[in-house]
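Modelling step: build the complete structure from the supplied sequences, incorporating the hints.
These protein sequences, in sequence, are chains A and B. For what it's worth, this note's numbering labels the leading residue of the first sequence as 53, then goes sequentially. For what it's worth, this note's numbering labels the leading residue of the second sequence as 13, then goes sequentially.
Wrong hints could be hidden among the right ones.
Said to hold, decoys possible - As a list, the in silico BS3-like pairs of lysine-lysine whose alpha-carbon atoms are at most 25 Å apart:
#1 Lys242(A) x Lys211(A)
#2 Lys163(B) x Lys296(A)
#3 Lys54(A) x Lys260(A)
#4 Lys172(A) x Lys262(A)
#5 Lys117(B) x Lys320(A)
#6 Lys117(B) x Lys172(B)
#7 Lys172(B) x Lys320(A)
#8 Lys69(A) x Lys320(B)
#9 Lys161(B) x Lys296(A)
#10 Lys320(A) x Lys163(B)
#11 Lys32(B) x Lys78(A)
#12 Lys161(B) x Lys204(B)
#13 Lys69(A) x Lys315(B)
#14 Lys32(B) x Lys69(A)
Hints listed in this document are in silico derivations from the structure and should not be mistaken for laboratory results.
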Amino acid sequence: MKTALLGSFPRPRLLSKHVQQFRGGKFPEDKLMAEISRISSRLLGLAKEAAIDYVTGGNFLWDDIVDMACSQVTCHERNGLMRFYENNFYYRAPVLKGQLETRDQEYLTLTRLFRSQFDKNHAEGAKLKSSLLGPISFASLSQDSYYNDRVEVAFAYSKALNRSMLNVQEVVDAFEIQDPSIFDRRADQKLRSRVSEIYQSLVGGVTKEKHLITYFFLDSSSLKQFFDLPVDVFGLDMIEGRNKMRQIYPFVKERRVYLGVLDSRTTKMERVSSIKRMASRFSAKGASDVIVGFNSFTDFIPEIVASRKVRLLGKVKKA
Amino acid sequence: MNNGLPPLPTTVIGSYPRPKWLREVIRLRSLGRFNDEDLSEALNDSVQVVLRDHQVAGVDVPTDGEMRRDEMVEFFAERLGGFMFYGPVRVWGPNYYRKPSVVSKVRHGEPMLVDEFRYASSISYSPYLKVTITGPYTMADWSYNEYYKSKEELAHDLAKAMNSEMKALVESGAKIIQVDEPAIHTHREEVKWAVDVVNESIKGINVKVVLHVCYGDYSVIFPHLNEIQVDQVNLALKNYEYEPIKLLKRYKVEKEIGIGVIDVHTNRVETKEEVAKDLNRVIRYLDYLSPDKFWVNPDCGLKLRPRKVALEKLKSMVAGTSVLREKLKGGVEPSIGPTINR
Chain A
53 MKTALLGSFP RPRLLSKHVQ QFRGGKFPED KLMAEISRIS SRLLGLAKEA AIDYVTGGNF
113 LWDDIVDMAC SQVTCHERNG LMRFYENNFY YRAPVLKGQL ETRDQEYLTL TRLFRSQFDK
173 NHAEGAKLKS SLLGPISFAS LSQDSYYNDR VEVAFAYSKA LNRSMLNVQE VVDAFEIQDP
233 SIFDRRADQK LRSRVSEIYQ SLVGGVTKEK HLITYFFLDS SSLKQFFDLP VDVFGLDMIE
293 GRNKMRQIYP FVKERRVYLG VLDSRTTKME RVSSIKRMAS RFSAKGASDV IVGFNSFTDF
353 IPEIVASRKV RLLGKVKKA
Chain B
13 MNNGLPPLPT TVIGSYPRPK WLREVIRLRS LGRFNDEDLS EALNDSVQVV LRDHQVAGVD
73 VPTDGEMRRD EMVEFFAERL GGFMFYGPVR VWGPNYYRKP SVVSKVRHGE PMLVDEFRYA
133 SSISYSPYLK VTITGPYTMA DWSYNEYYKS KEELAHDLAK AMNSEMKALV ESGAKIIQVD
193 EPAIHTHREE VKWAVDVVNE SIKGINVKVV LHVCYGDYSV IFPHLNEIQV DQVNLALKNY
253 EYEPIKLLKR YKVEKEIGIG VIDVHTNRVE TKEEVAKDLN RVIRYLDYLS PDKFWVNPDC
313 GLKLRPRKVA LEKLKSMVAG TSVLREKLKG GVEPSIGPTI NR
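This is the structure we're talking about:
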């Protein structure tokens, strides 16, 4: 069994203020990067202490995963605040008014920054994972006034993101594609039905490990399609899916699975024994590799609780 | 008997920008350079300022601007038993709140709002001061649950606690209570019990009770609005260019409707002509409701706008409403009392 961090980590209040000032041209870039380095190092230290196998950079420069996606592709405009799925957490919706193009300089810079820190300080065998927003979610969370078809948006985004992944892959060991809308029944059905083709265009030529992460939803009727996608690790929100394990088991044989067992939306601590038990069950059902971690990114809980849960992951591994 | 309210009474949703000097006093208090008495004096003074702004704008039913509340869930969680705080959580960009965790049974102890209501009503220019209270569903949804078996169980205990608070407010003379439920339409599968929970929280509250709902998918809650035992529902509508009024008509919502005519997410000040035109459009479209069923308000609290902008927006809201009032025929008498026996 392995362990992983997932996506962004709670961003300290002062850093958020500085990021906002930086975006408004009122905070120097070098100072901001130094601050991000310091905070990323802290996260890296925590991950090393807990011997986490897959580490992310914390994504501290971006307000949310959609904001991060807009550092990789042109989002043209950003609209008013929208609720991020059912959470009391909001993002600015991209407004597409033209062709989606790759623009990953900022993303690449930050990934390189974290790589250099990671190389200096990581647990033995640990891998650096880069976060991305998946095409089904991007198409669902955007406001499109150019393509006039969510399927077209997803294909265009996949193409642009693919270029970004090819640029970034020399710097990272794995990609974590967060795509919760894959299982969201309210998402465009036509879009969901084309997920396989969309993913083919997303991952072409990408040689590093691809972890597909879903959260908040788990639609049992889409599991077959999900486990056929061209990725290496299949991630499921096991807080959402704790009563659906029997439906999931038939698909995990000889598959690498990521189980989101730490609830990133509650301060209540999980039990080491429960996590171990769930991981063992998936191994017994034939999963070739079981990775455990948070069910989604951890911005929904205070930093102190997120850190405790990372340490708990360390205990899971040792137990 | 005439209650003194004009047709299309104007009101606010609750929160209003804190004056800069109050924010400074709060900061100095956190550093220990001001004491509790200094802070209390500054808070009282700021309520005077807010009420003065509301009076200058001509708002018929004011609030105290929620000057004492940093955040709508935090304030109550700090005062109810059963909650604790681990630290701030980001809501968007650089904006955080201290999301509470429920770690033991929720208990209502001392009244939370009675003192602020008594103070504000003692200096209010209007006999109809509105008190706002965060609803039990939103309290539950915006807290972490470490103690209860389910969110529903937690929400029912919160409903009991909020009911005790509302009873204390009524005993102190409150005539209009607004229950804020911005989360009620967040989880479609929970709406049915969320309605029960809100009804439980207002049981026996026989003054005017208003429900505030804003932002999100209204199609989740509108089919259930008639089941909620409130007299009035006020809504964010301007932000959606009034699209949701189609849903109101489709579900024939029979409550008084508070029409949100001011977008609180922008500093652009609506013109009075725009307000009048928007109101006219909504009232004409919702022709199954008599004109005395309409109230006028901003979409939501104005706390995130600069104070100058907030005041100008309120002035426009009142001026635009006045234009339409003149066009309404006589005999329109809005109610101030409860329309339902709870």
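Against the structure, the hints:
Between Lys242(A) and Lys211(A), the direct Cα distance comes to roughly 19 Å. Compliance with the 25 Å bound is thereby established for this hinted pair. In summary, the hint linking Lys163(B) to Lys296(A) is supported, as the alpha carbons are separated by about 20 Å, within the 25 Å threshold. For a cut-off of 25 Å, the pair hint linking Lys54(A) to Lys260(A) stands: about 18 Å separates their Cα positions. Distance check on the hinted pair: Lys172(A) and Lys262(A) sit about 24 Å apart at the alpha-carbon level, within 25 Å; holds.
Distance restraint check for Lys117(B) and Lys320(A): the Cα-Cα separation of roughly 15 Å lies within the 25 Å cut-off, and the hinted pair is therefore satisfied. Between Lys117(B) and Lys172(B) the alpha-carbon distance is near 12 Å, which keeps this suggested pair within the 25 Å criterion. The suggested pairing of Lys172(B) with Lys320(A) holds, with an alpha-carbon distance near 24 Å, which does not exceed 25 Å. For the given pair, Lys69(A) sits about 24 Å from Lys320(B) by alpha-carbon distance, which is consistent with the 25 Å threshold.
For the proposed pair Lys161(B) and Lys296(A), the alpha carbon gap of about 19 Å is at most 25 Å, so the pair holds. This hinted pair checks out: Lys320(A) and Lys163(B) have alpha carbons roughly 13 Å apart, not beyond 25 Å. For the given pair, Lys32(B) sits about 22 Å from Lys78(A) by alpha-carbon distance, which is consistent with the 25 Å threshold. A threshold of 25 Å between alpha carbons decides the hint, and for Lys161(B) with Lys204(B) the separation of about 18 Å falls inside it, so the pair holds.
With a C-alpha separation of about 19 Å, the suggested pairing of Lys69(A) with Lys315(B) holds against the 25 Å cut-off. For the given pair, Lys32(B) sits about 19 Å from Lys69(A) by alpha-carbon distance, which is consistent with the 25 Å threshold.
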